[in-house]
Structure formats: C-alpha cells, structure tokens
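Asker: Sequence:
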Amino acid sequence: MENEKLEHRSIMKFLRLEGHSPSSIYERMVVVYGDHAPSHTTVFEWVHSFRDGQLNIEDGPKCGRAISTTDDKTIKGAECLIIENRRITIEKIADALGISTGTIHGIIHEHFHMTKVSSRWVPHLLTPDKRHERVQTCPEVLARYAIE
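Every letter in the sequence shown is one number past the one before it in our numbering, and letter 89, counting from 1, is 101.
Simulated from the structure, these hints should not be mistaken for lab results. Hints may be right or wrong, so weigh each one.
Straight-line alpha carbon distances no greater than 27 Å define the calculated BS3-like cross-link-like pairs of lysine-lysine that follow [unchecked claim]:
(1) Lys128 with Lys88
(2) Lys74 with Lys25
(3) Lys88 with Lys104
(4) Lys104 with Lys85
(5) Lys128 with Lys142
(6) Lys74 with Lys85
(7) Lys74 with Lys17
(8) Lys142 with Lys88
(9) Lys104 with Lys128
The following label-pair restraints were derived from C-beta to C-beta distances [to be verified]:
(10) Gly46 with Asp83: 39 to 49 Å
(11) Thr82 with Tyr45: 21 to 31 Å
(12) Thr101 with Lys142: 46 to 56 Å
(13) His117 with Glu39: 48 to 58 Å
(14) Phe26 with Asn97: 55 to 65 Å
From the three backbone atoms N, C-alpha and C, an ideal C-beta is built for every residue, glycine too.
Could you build the full structure based on these sequences and the hints that come with them?
Answerer: Next up, the structure:
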C-alpha cells in the first residue's frame, strides 16, 4: 500500500515536471490504474504541492496523538534516578528524561508500585516480611536522613 502511494506520487511528480495539468495527470492515472488510482483530490493536492516546491514524495510528519514515551529506556531511566535519590520529585525526573510529569507519575505508580512517603519514594505494597525488615532498619534510615 505504501509502495503504491509512493509510486503514484512519483508518477504525478514526473508528469508535473513534463508540464501536464492536474486534470490530465488524473485522467492518465485512471486509465492505467483503474480503481486503484488515487482520487481526484489527492492528485490535485500532490501536483499543487510539487508545483509549490515540494520535492519529497513521502508523507510529512503527522499531527495527533504522540508516540508513547513509556518504553523500557524511559522506565529504566526513571528507576535509576529514583534509586540514586529517593527524594527526587516527579518534576525533576520529567525534566531529566524530557517527558511529561503525567508519564512519570504513571511509570512510578503503575510500573514500580511506589508512593511518596515523607518525601521519599517507597514501594507501595509491603509484604509482612518487608514490613518487619523496615521496622528493623528504621534507626539506620533515620540516621541516614539526618546525614542527608
């Protein structure tokens, strides 16, 4: 399908350079391609874009919904930043990775299952063993907090 579009555009560009009008280009393409020919409007738009200096036969960038930035690289980057500094804010992570705060918020809560407690990111779901371990290490954490 994409190759067919590029082929049609190449032909339109070639015929335009030969001096054919958009109407004659459309008619010639209907004779050759039949039902698979591009529409009248498509031919006119591409021929006019070639006339106005368009050189590329490929589509330009599309507007609309952006490609998702929640990929493995972004998730790993956020994880590294949080491990490095558990007091880091969502805004600072977003700035460092160049993505929105909403995306970072989703990564932290949906992928890491973490929540912010006393200005530190901690796992949201604690098993009884982990809870007991945290109680045991509480004095160490308080000492580190005082140092930082």
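Asker: Determine for every hint whether it applies to the structure shown.
Answerer: Now for the hints, and whether the structure bears them out:
Under the criterion of a C-alpha separation no larger than 27 Å, the hint pairing Lys128 with Lys88 is consistent with the structure, at around 19 Å. For the hint linking Lys74 to Lys25, the alpha-carbon distance of about 22 Å falls within 27 Å, and the restraint holds. Restraint check for Lys88 and Lys104: satisfied, since their Cα atoms lie roughly 15 Å apart, inside the 27 Å limit. About 17 Å separates the Cα atoms of Lys104 and Lys85, which keeps this hinted pair within 27 Å; it holds.
Under the criterion of a C-alpha separation no larger than 27 Å, the hint pairing Lys128 with Lys142 is consistent with the structure, at around 17 Å. With a CA separation close to 24 Å, the supplied pair Lys74 and Lys85 stays within the 27 Å bound. For the given pair, Lys74 sits about 16 Å from Lys17 by alpha-carbon distance, which is consistent with the 27 Å threshold. Between Lys142 and Lys88 the alpha-carbon distance is near 23 Å, which keeps this suggested pair within the 27 Å criterion.
For the suggested pair Lys104 and Lys128, the alpha carbons sit about 14 Å apart, so the restraint of at most 27 Å is met. Between Gly46 and Asp83 the beta carbon distance is about 43 Å. The supplied range of 39 to 49 Å therefore holds. Checked against the hint of 21 to 31 Å, the C-beta distance between Thr82 and Tyr45 comes to roughly 42 Å, which is inconsistent with it. At about 25 Å, the CB distance of Thr101 to Lys142 disagrees with the hint of 46 to 56 Å.
Range check, His117 to Glu39: Cβ separation about 56 Å, and the 48 to 58 Å hint holds. Take Phe26 and Asn97: their Cβ atoms lie about 59 Å apart, and the range 55 to 65 Å holds.
When the structure is compared with the earlier hints, violations turn up for hints 11, 12 and for no others.
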